[in-house]
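Those protein sequence lines, which keep their order, are chains A and B.
Reminder that position 96 of the first sequence reads as 96 in our numbering, one-by-one numbering, no gaps.
Basically our numbering = 1-based index in the second sequence + 108.
In short, the hints are calculated from the structure, not lab data.
As the structure is a computational prediction, the values presented were derived from the model and not from experiment.
There's no promise every hint is true.
Stated by the list, open to error - No farther apart than 25 Å at their CA atoms in a straight line, the calculated lysine to any residue pairs in the SDA-like style are these:
1. K300(B) with L84(A)
2. K136(B) with R115(B)
3. K179(B) with R71(A)
4. K223(B) with E22(A)
5. K179(B) with D168(B)
6. K223(B) with Q100(A)
7. K179(B) with K103(A)
8. K179(B) with N89(A)
9. K136(B) with F147(B)
10. K223(B) with I43(A)
11. K300(B) with A51(A)
12. K301(B) with T86(A)
13. K301(B) with T10(A)
What the hints assert, rightly or not - Listing some non-contacts, in silico: residues in chain B with all C-beta distances to chain A over 12 Å:
14. R158
15. V189
16. Q196
17. I209
18. Q222
19. Q229
20. L286
21. A302
Said to hold, decoys possible - Footprint (simulated), chain B over chain A, 3 or more residues, beta carbon under 8 Å:
22. 15 to 24
23. 38 to 47
24. 83 to 93
All C-beta atoms in this analysis are idealised placements derived from N, C-alpha and C, irrespective of residue type, glycine included.
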Amino acid sequence: MARKKLETLTEPMYYILLSLYEEPRHGYGIMQYINQMTNGRVIVGAGTLYALLARFEEEQLILLTRTSEGRKYYTLSETGKESLLTEFNRLNRQLDDGAQVLKRRSTP
Amino acid sequence: MKTTCRRFPNAGLDRTGTLRRLEKMAQKGWEPTRVSPLFDLVHFQRTTSRDLHFSLDWTDPERQEDPAYIKLCADAGWHPVGKLGSTQLYIAHSQGEPIPIQTDPMLEYQRFYQKSFRGLQTALLCYLVFGLNLFRFTSRFSSDFSRGGLYFLERLFSSSTLEPLLLLLLPLITLSALVGLFFTLFQLYRWKKAAQNGHPFPSLLPWQSQLWILSNHMIGFMFFVLILAWLADCLFNGISLLFCAAVILVLTLIASTAAKHLPQVKACYPFFWSIAAFVLAISILHYPIRTLLPYRIPPDTITEGYSKYQMSNEKPTDTLWGSFIASDCPGPGSSRVFYDVYAWSSPAMTQRFLQNRTREMTALPGYSSVWENDLGDCLIARGNAYLILWRLDKDIRTSFLPTAITWLESWA
Chain A
1 MARKKLETLT
11 EPMYYILLSL
21 YEEPRHGYGI
31 MQYINQMTNG
41 RVIVGAGTLY
51 ALLARFEEEQ
61 LILLTRTSEG
71 RKYYTLSETG
81 KESLLTEFNR
91 LNRQLDDGAQ
101 VLKRRSTP
Chain B
109 MKTTCRRFPN
119 AGLDRTGTLR
129 RLEKMAQKGW
139 EPTRVSPLFD
149 LVHFQRTTSR
159 DLHFSLDWTD
169 PERQEDPAYI
179 KLCADAGWHP
189 VGKLGSTQLY
199 IAHSQGEPIP
209 IQTDPMLEYQ
219 RFYQKSFRGL
229 QTALLCYLVF
239 GLNLFRFTSR
249 FSSDFSRGGL
259 YFLERLFSSS
269 TLEPLLLLLL
279 PLITLSALVG
289 LFFTLFQLYR
299 WKKAAQNGHP
309 FPSLLPWQSQ
319 LWILSNHMIG
329 FMFFVLILAW
339 LADCLFNGIS
349 LLFCAAVILV
359 LTLIASTAAK
369 HLPQVKACYP
379 FFWSIAAFVL
389 AISILHYPIR
399 TLLPYRIPPD
409 TITEGYSKYQ
419 MSNEKPTDTL
429 WGSFIASDCP
439 GPGSSRVFYD
449 VYAWSSPAMT
459 QRFLQNRTRE
469 MTALPGYSSV
479 WENDLGDCLI
489 ARGNAYLILW
499 RLDKDIRTSF
509 LPTAITWLES
519 WA
C-alpha cells in the first residue's frame with residue numbers, strides 16, 4: 001500500500017516549504033530563513049530538517065536543483081506550491097473562523 | 109598536550125547521563141577529540157574553551173553518515189566527534205545555546221528505527237541467545253548452588269581450577285544480560301509513548317545513570333575475565349590460578365593499551381588478528397610449553413597427550429580434546445555421575461587436593477594410592493602420575509570410585 005501523502009503540514013513543514021517558495025536554498029539557508037522570519041519562535045534542528053527534506057523530496061514536493069560544496073539546494077515543485085497554497089488557505093480559513101467567533105464574543 | 113580518556117557505555121539508552129558526564133568533563137577543561145568505538149572510549153584533550161555543547165544523534169553504527177547530513181549539522185555548528193555505539197557524538201563551540209539537532213521527538217524516534225534499531229535488534233537477539241545458552245549450561249551445576257553459599261565459597265577458594273570462578277560468573281552474567289535486555293525494551297517502550305505525545309527521550313535520574321554505568325562496567329569486566337579464564341582453563345588446565353591470573357593480566361594490559369591507541373574500528377583489526385594469532389599459537393604450542401614447566405608430572409600412559417576426556421563408556425578420541433567438562437557415565441545408585449578427568453596433576457594441585465579434608469581409601473590393584481575428600485572428589489596415583497576425578501553432581505551419596513576405576517581400566 002502506498003504511503004499516504006501529506007495532507008496537513010505541521011508548523012516546521014509549512015515554514016520549510018515557504019522558505020523555498022521564492023528561491024532555491026540549501027539546508028542551513030532554510031534554517032536561517034525560518035529563524036529570521038519567525039524571530040526564533042519556530043526552531044528546526046538540522047536533523048529534523050534533513051528528515052523533512054528527505055520526506056518532501058520523496059513526496060515530490062521539492063526538487064533537488066544542485067549540490068555545491070556538500071550542500072544540497074532545493075526548490076519548490078509545482079506539487080509543493082499547491083500543497084503550500086492549500087495549507088495557506090486552510091490556515092486563512094481557520095483564522096477567519098476564529099476571528100468570526102472571537103469578535104462576536106468580544107462585542108457586547 | 110595533556111590527554112585522557114573515559115568510557116561512555118550505553119550512550120544510546122542513557123543519553124542524558126552521557127551528556128551530563130561530557131559537560132562535567134568540559135567544565136573541568138577537557139574537550140572530546142575522538143572516539144574509540146571498540147570500548148566506547150572517548151578521548152579528551154585539555155582546552156581553555158568553556159563554550160562547549162554536546163549532542164548525541166542516532167546513527168547506523170555500521171555505515172557512514174550521509175555527507176550532506178554531516179555538512180548540514182556542521183553548518184548549524186555541530187561537528188562530529190565519533191560514533192558511540194548507535195549514536196553519533198557531536199560538539200558545538202558557541203557562546204549561546206545552539207539549536208538542537210533534533211527538534212521533533214516523533215521524527216527522532218523514526219530516525220532511531222531507520223538508523224539504529226536494526227543493530228539493536230541484533231544485539232538483543234544475541235543477548236537472548238547468550239542468556240538462554242548460559243542458563244542451559246549453568247543448569248548442570250544446579251546442585252552446587254543449591255547447597256548454599258558457604259559450600260560454594262569453599263569450592264571457590266579451595267579449588268585449584270577455574271571451574272568455581274566460571275560457576276560464579278556465568279549466572280551473574282546471564283542475569284545481568286537478561287536484566288539489560290528487559291531494561292532496554294522497557295526504555296524503548298517508554299520512549300515510543302513519550303514520542304507519540306511529543307515528548308523527548310525519557311531521561312534517567314543521576315543515580316540511575318550511575319548505577320547503569322557501574323553495572324555495565326561490572327558486566328564488561330566479568331565477561332572479560334570469563335572469556336580469558338575459560339581460555340586459560342582450556343589451554344593450561346591444571347596450572348595454578350596464579351599463572352592464569354598472570355595471563356589474564358597481560359592480556360588485559362595489551363587490550364587496554366591497544367584501546368587507547370586505536371582511533372577507528374578498522375584500526376582495531378590488527379589487534380584482533382594479533383589476539384587470534386596468539387590464541388592459535390598457544391593452541392599449537394601449549395602442549396610443549398606445558399611439558400617444559402617445572403614440577404610437571406609425566407602423564408599416565410593411558411592418557412598420554414591429553415588433558416581431559418569424556419567419560420561415556422566409550423574410549424576417548426582425539427576429537428574430544430579440549431571439551432570443557434567431562435561427560436557422564438553410569439554410577440552406582442544414580443543414573444548420571446559427572447566427572448572431570450585430569451590426565452596429570454601438578455604437585456601444587458595435588459597438595460591442595462590432599463589438604464582439603466582428604467582421607468586415604470583402600471589401595472586398588474595397579475594404583476599406588478587413592479584418596480577421597482569430603483566433597484566426593486578422588487585423586488588416584490599410579491606411579492608418578494596422578495588422576496583427579498571431580499564429582500560434580502554432589503547429590504549422589506554412593507562412592508562412584510569403583511565404577512570410575514573400572515571405566516578407566518577399560519580404556520587400556
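Quick rundown of the hints versus the structure:
1. K300(B) with L84(A): 30 Å, violated
2. K136(B) with R115(B): Holds - the C-alpha atoms of R115(B) and K136(B) are around 17 Å apart, at most 25 Å.
3. K179(B) with R71(A): 7 Å, holds
4. K223(B) with E22(A): Measuring from Cα to Cα gives roughly 33 Å; hence the hint is violated.
5. K179(B) with D168(B): 17 Å, holds
6. K223(B) with Q100(A): It is violated: about 47 Å lies between the C-alpha atoms, which goes past 25 Å.
7. K179(B) with K103(A): 48 Å, violated
8. K179(B) with N89(A): 35 Å, violated
9. K136(B) with F147(B): It holds: about 23 Å lies between the C-alpha atoms, which stays within 25 Å.
10. K223(B) with I43(A): Distance ~23 Å between K223(B) and I43(A) Cα, so the pair holds.
11. K300(B) with A51(A): Holds: K300(B) and A51(A) sit about 18 Å apart, inside 25 Å.
12. K301(B) with T86(A): 31 Å, violated
13. K301(B) with T10(A): With a Cα-Cα distance of about 20 Å, the restraint between K301(B) and T10(A) holds, given a limit of 25 Å.
14. R158: 23 Å, holds
15. V189: Nearest chain A Cβ is 16 Å from V189(B), so the label holds.
16. Q196: 10 Å, violated
17. I209: Per Cβ check, I209(B) is inside 12 Å of chain A; nearest 4 Å; violated.
18. Q222: 9 Å, violated
19. Q229: 21 Å, holds
20. L286: Answer for L286(B): holds, closest chain A Cβ roughly 33 Å.
21. A302: At about 16 Å from chain A, A302(B) clears the 12 Å cut-off, so the statement holds.
22. 15 to 24: violated (count 0)
23. 38 to 47: holds (count 5)
24. 83 to 93: violated (count 0)
The structure shown violates the earlier hints numbered 1, 4, 6, 7, 8, 12, 16, 17, 18, 22 and 24.
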